[in-house]
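A.B. asks: Model the placement of chain B on the given structure of chain A, informed by the hints.
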Amino acid sequence: MSGESGKGVDATALAAAARTLSLDREAAEAYVKTVAAAVGLTIPPEYLPGTVLNLTRSAALAAQLFDFPLPSDVEPAAVYRP
Amino acid sequence: MRAPPALETARRIAGGELKAADVLSETLARIGSENPRCNAFTRITEERARRDAEAVDRARAAGARLGPLAGVPYAVKNLYDIRGEVTVAGSRISADNPPAAADAFVVERLQQAGAILVGALNMEEYAYGYTTENHHYGPTRNPHDLSCSAGGSSGGSGAAVASGMVPLALGSDTNGSIRVPASLCGVFGLKPTYGRLSRRGVFPFVGSFDHVGPLAGSVADLAACYDAMQSPDPADPGCAQRPLEPASPALQQGIAGLRIAVAGGEYFEGYLTAEAEKAVATAAAAAGARERIDIPAGAEARAASLLITFAEASNLHQASIRRRLADFDPMTRDRFIAGALLPAEWVLQAHRFRSWYRQAWRQVFGRADVVIAAATAFGAMPLGQDTIRLGGRDMPLRPAYGLLVAPLSFIGVPVISVPVRPAGRMPLGVQLIAAPWREDHAFRVAAHLERQGAVSA
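Protein sequences appear in the order of chains A and B. Numbers 1 to 82, taken from our numbering, label the letters of the first sequence in order. Numbers 1 to 457, taken from our numbering, label the letters of the second sequence in order.
Okay, chain A solo, but in the shape it has when bound:
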């Protein structure tokens, strides 16, 4: 599914790009459209600019986070108890 819908946009590349804060508006809009289609979400055109803005802001937050040298042995805090 993702291979078909994700044509033209590589989510891994996007995450890497975000880390250098180079996610421009155009790339963010392409990502939003592609991923929305992939997850079965229809975004009416009037909500697209706000969605793209929010995605861009999220990317900036992620960039900040990925700039932090987190040791690879740090695990998420959530513990599943069977």
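Everything labelled a hint here was simulated from the structure, so no lab data went into it. Mixed in with the good hints, there may be bad ones.
As the list claims (entries may be wrong) - Result set (SDA-like, lysine to any residue): computed pairs, CA atoms no more than 25 Å apart in a straight line:
hint, chain 1, residue 1, chain 2, residue 2
1, B, Lys278, B, Gly264
2, A, Lys33, B, Gly264
3, A, Lys33, B, Gln318
4, A, Lys33, B, Pro343
Said to hold, decoys possible - Example chain B residues on the side facing chain A (calculated, C-beta under 10 Å, incomplete):
hint, residue
5, Ala297
6, Glu300
7, Ala304
8, Leu325
9, Arg335
10, Ala338
11, Ala340
12, Pro343
13, Ala350
14, Arg358
15, Gln359
Ideal placement from N, C-alpha and C gives every residue a C-beta, glycine not left out.
C.D. replies: Leaving out everything else, chain B in the frame of chain A:
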């Protein structure tokens, strides 16, 4: 006329000086005159309140033992289940749900303590914001200046207490939603340790960080309300099943033996306005705090908490995002859509960073029992304002209210926001941050600051 303190009302009812029914009538009259000004209440539960107040009066007449809050009026953010009422959670969408079949767990607890629920309070849609500029139910206004925000997302809770309509209110805090309105409205607010109080019957926002807690006009009232709500509840998977650890007995202990420090470093100090610096200095001086501890990575902690928030909130509401987009508040809608599209890697990194940040604070608590920081970098701003200049740059105003609170709910430590009231200025809150499960330490410092006259509602 302002609501008398909760504990004074309870004492006078227990002593036969006052009838709960009369206290309720006065409360409803105050709500009738004050609420049109600040729009804190979205629902008044008068019939239930009359019935409960009469039950308290009958119990007293029969010589029965009354609960610690018998006859005390209070209200809850409208994401708490109230039996027979629809839990709207600030939304148009959830207004179509059937009425709640039972009270939220902590509402049950307060009912057992004798408190009288008088209504439900306005909030940001689905708790997603800091200003309570609610598109569906109107903005809640700050009782100290009606042109200003009361904060959010528990804005109705802050305004209801600050305006004197009720002495106690319940809010919820995921990224600061109790402490921001407490700061802007000049009242006391407690976000307990994550897992301390049951969230059963409280509409969720972000399960990883959701907390419930009280707002009040005094430290003793805050502690009494918190104590009455404690009880392990296996039905909330986040509830830690701790034994009861009441805070009220700690209030008279003073601060001798407590190590109290100020949160230092670029993040916790860099955004502060002069008035926020002054509020922190006032609290620090009254608490005798001399040490300044550099807190690392605040910006990363906030970034991580927001990314998890976006993802979890959008997942929770994924059905509505697909079916009812037009019914969302325009203020939250685009955030809900974008949150459904985040790469998993961003969210997982945020969860891993959470462990790291918790460890960083464990080291802080090796040096201090209570850490003081501003709750908001500035006091209440006018409703409708979009930007603010902080640390030399323009920032979007609404998220900036949460800068100093979000990193702490992220790791679940207990925090009390205490109100500093500069003469002629809007109030501003100071956070008293304690180690997990040590609410009593924060309460001891809060009570000391109140006795010193450094903080007051």
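A.B. asks: A separate judgement is required for each hint: does it hold in the structure or not?
C.D. replies: Each hint tested on the structure:
Restraint check for B:Lys278 and B:Gly264: satisfied, since their Cα atoms lie roughly 14 Å apart, inside the 25 Å limit. With a CA separation close to 43 Å, the supplied pair A:Lys33 and B:Gly264 exceeds the 25 Å bound. Taken as a hint, the A:Lys33 and B:Gln318 pair is honoured in the structure, with Cα atoms around 17 Å apart against an allowance of 25 Å. Between A:Lys33 and B:Pro343, the direct Cα distance comes to roughly 14 Å. Compliance with the 25 Å bound is thereby established for this hinted pair.
Restraint check, B:Ala297 versus chain A: the minimum CB separation of about 6 Å is within 10 Å; hint holds. The beta carbon of B:Glu300 comes within 5 Å of a beta carbon in chain A, closer than 10 Å, and the hint placing it at the interface holds. Nearest Cβ of chain A to the Cβ of B:Ala304: about 6 Å, under the 10 Å cut. The hint holds. Taking 10 Å as the C-beta contact cut-off toward chain A, the hint placing B:Leu325 at the interface holds, the least distance being around 7 Å.
For B:Arg335, the interface hint holds, since its Cβ comes within 10 Å of a Cβ in chain A; the closest pair sits about 5 Å apart. A hinted interface residue such as B:Ala338 counts as satisfied when its beta carbon comes closer than 10 Å to some beta carbon of chain A; here the least separation is about 4 Å, so the hint holds. At about 6 Å, the closest approach between the beta carbon of B:Ala340 and any beta carbon in chain A falls short of 10 Å, and the interface hint on this residue holds. Hint status for B:Pro343 relative to chain A: holds, with the closest Cβ pair at about 5 Å, below 10 Å.
Look at B:Ala350: its Cβ gets to within about 6 Å of chain A, closer than 10 Å, so that hint holds up. With its C-beta approaching chain A no nearer than about 7 Å, B:Arg358 sits inside the 10 Å limit, and its interface hint holds. A hinted interface residue such as B:Gln359 counts as satisfied when its beta carbon comes closer than 10 Å to some beta carbon of chain A; here the least separation is about 8 Å, so the hint holds.
Hint 2 from the earlier list is the only one contradicted by this structure; the remaining hints agree with it.
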